[in-house]
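S.K.: Listed below are the residues making up each chain.
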Amino acid sequence: MGQIILVMFMLLMALLTLYPFWHVLMYSLSDPRRVLGGGILLIPRGFSLTSYQLLLDSKGVFDAYKNSLIRLVAGTSINIFMTTLFAYPLSVKRFIGRNSITLLVFFTMLFQGGMIPSYLLVKSLGMLDTLWALIIPGAISAWNFFIMKNYFQTISPEIEESASIDGASPLRTLFTIILPLSKPVIAAIALFYAVYHWNAYFDAVLYIQSQDTQVLQVFLRSMMNTSSLQQLGGADSFMTSIHAVTEESVKMATVVISVLPMLIVYPFIQKYYVKGIMIGSVKG
Amino acid sequence: MRAQNMWRQIRKDKILYVMVIPGILYFFVFDYIPMYGVLMAFKDYSIFEGFMDSDWVGLANFQQLFNTYGFTRALRNTIIISIYQLVFAFPIPILLAILLNELRSVLYQRFVQTAIYLPHFVSWVIIGGIMFAILSPSTGVIYEIASFFGYEGKVTNFLNSKEYFRGLLVVSNIWKEAGFGTVLYMATIATINPQQYEAAKVDGAGKLRQMWHVTLPGLRTTIVILLIFRVGQLLNAGLEQVFALYSPLVYEVSEILDTYVYKLAFNEAKFALATATGVFKALVCLVLVLITNYIAKKIDSESGLF
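Top line first, the protein sequences correspond to chains L and F.
Counted from 1, the first sequence has number 199 at position 199 by the numbering used here; the numbering is strictly sequential.
Counted from 1, the second sequence has number 182 at position 182 by the numbering used here; the numbering is strictly sequential.
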């Protein structure tokens, strides 16, 4: 009996979590002329792809998508390269000065200069309005650095030392011994970085002004905050005539288009992401 | 002799010492230079004179801040929202984890977990869009529910309502993060010795009593540690969430320190005041983290962050 109630309750929780996504999808597929007055609970009212058509006809979405993808791929690659490059030497026990360097990294987790000094720095480096501003300032996350370094330490000491005595260069040890043994942690950290890059938006609000360089999340945000049709470029007579009816529908279509990639990959990455959280929570 | 050994060692490993250079440069440029930049909070900074030529003004900026309504309002909102989140959102994952653990079918448990983890992977901007749809007083789900109970057309727009907006921040935060928040608790529950449950059963404890006397105590340390770290983050009231959801209609109840910094700098061009707000926040955070970490270590020597 108790188990049945529990199963039902958990089903309710799962539905409460998933339903809002469904609602937005159904809204975006509904006939824009019929959405006023509601009534979209389980299936769309009427059926129309007009909002998607309007959205995909505009240049903005493609630019935003392209920029977000570049950010994701370039950003994550640089993250993994930089983090590994930095974490490995500092995981080697005989490295002179590793404690002081680690301490300096650790201190950055406790105290940061904050939004304005970082903004002025990015500005003076000439990175404003470029995708570099979204990639370079976050190249190494101190948190991920510590997870990786601690993981390297759990495998390395003896193997490391014996490889070194056998005359293997540190680089060779890294590529033939350490990295193959660290696949789970590297996969997890790559996922952390990738999910971060895909969802981050505040740095883009700060650093990116021009439409052509804007990322998907900010595109969606300006879409929600202003008139979505204006956002798509111009309110000509055609636009204004359908304005009232499609405004909300286009917003919903944008939400769907923005969330879709994550929904597609989510079932495949979820397990590794959660595993990564557990690796990270074990204190090294 | 020892120094000679050291040099030989360094020369042998020189590739390792080369490898750390990019990382050191990175942290120097992107973390330590901005730390130096906070000195601007003690200057009468103007964009025209630049950082170097601006005059030192000591604590004048901070004095001015504490006499500014915008700042005190942001500070108050930050603390209130944080406390709401702490009181209402913090316990939910614990409850969910205990209940999830009681599900007999592993497959079903996985299904529920997959469903409730999902919003964690979605950005606040998207969730803002979803809430906009659900809460729309004319077409949203909220409208349907109200109509069903005979309150057709009498729903407030919660996103624009001063009374409800903070509540909405808490509820949406629960919706987004409570599921994923169970991960660490579930991991801890998995480490509880099954014999403890057997012993409780022998003593005649039913399911509820087992949860209360075995599962919950097993989670105690994890709960205390996570709670303490949450308190350390008291002044972080959720920049990305608030920035994605709020509007001028609800600034009064939801302007937090982080959004206030942004506005001071980019809407009012008061860079020195904005930096001073940031410095104030960073310093309080530092002190809180040090205190809470100390307490965490007192409770369980293994569990401090450092």
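It cannot be assumed that every hint is accurate.
[As the list claims (entries may be wrong)] No farther apart than 20 Å at their CA atoms in a straight line, the calculated lysine-lysine pairs in the PhoX-like style are these:
id : chain 1 : residue 1 : chain 2 : residue 2
1  : L       : LYS123    : F       : LYS12
2  : L       : LYS123    : F       : LYS263
3  : L       : LYS123    : L       : LYS183
4  : F       : LYS154    : L       : LYS93
5  : L       : LYS271    : L       : LYS183
6  : F       : LYS12     : L       : LYS93
Derived from the structure by calculation, the hints contain no laboratory data.
S.K.: Now look at each hint and say whether the structure bears it out.
M.R.: For each hint, the structure was consulted:
no. : hint                   : verdict
1   : LYS123(L) to LYS12(F)  : violated, 40 Å
2   : LYS123(L) to LYS263(F) : holds, 18 Å
3   : LYS123(L) to LYS183(L) : violated, 37 Å
4   : LYS154(F) to LYS93(L)  : violated, 68 Å
5   : LYS271(L) to LYS183(L) : holds, 15 Å
6   : LYS12(F) to LYS93(L)   : holds, 14 Å
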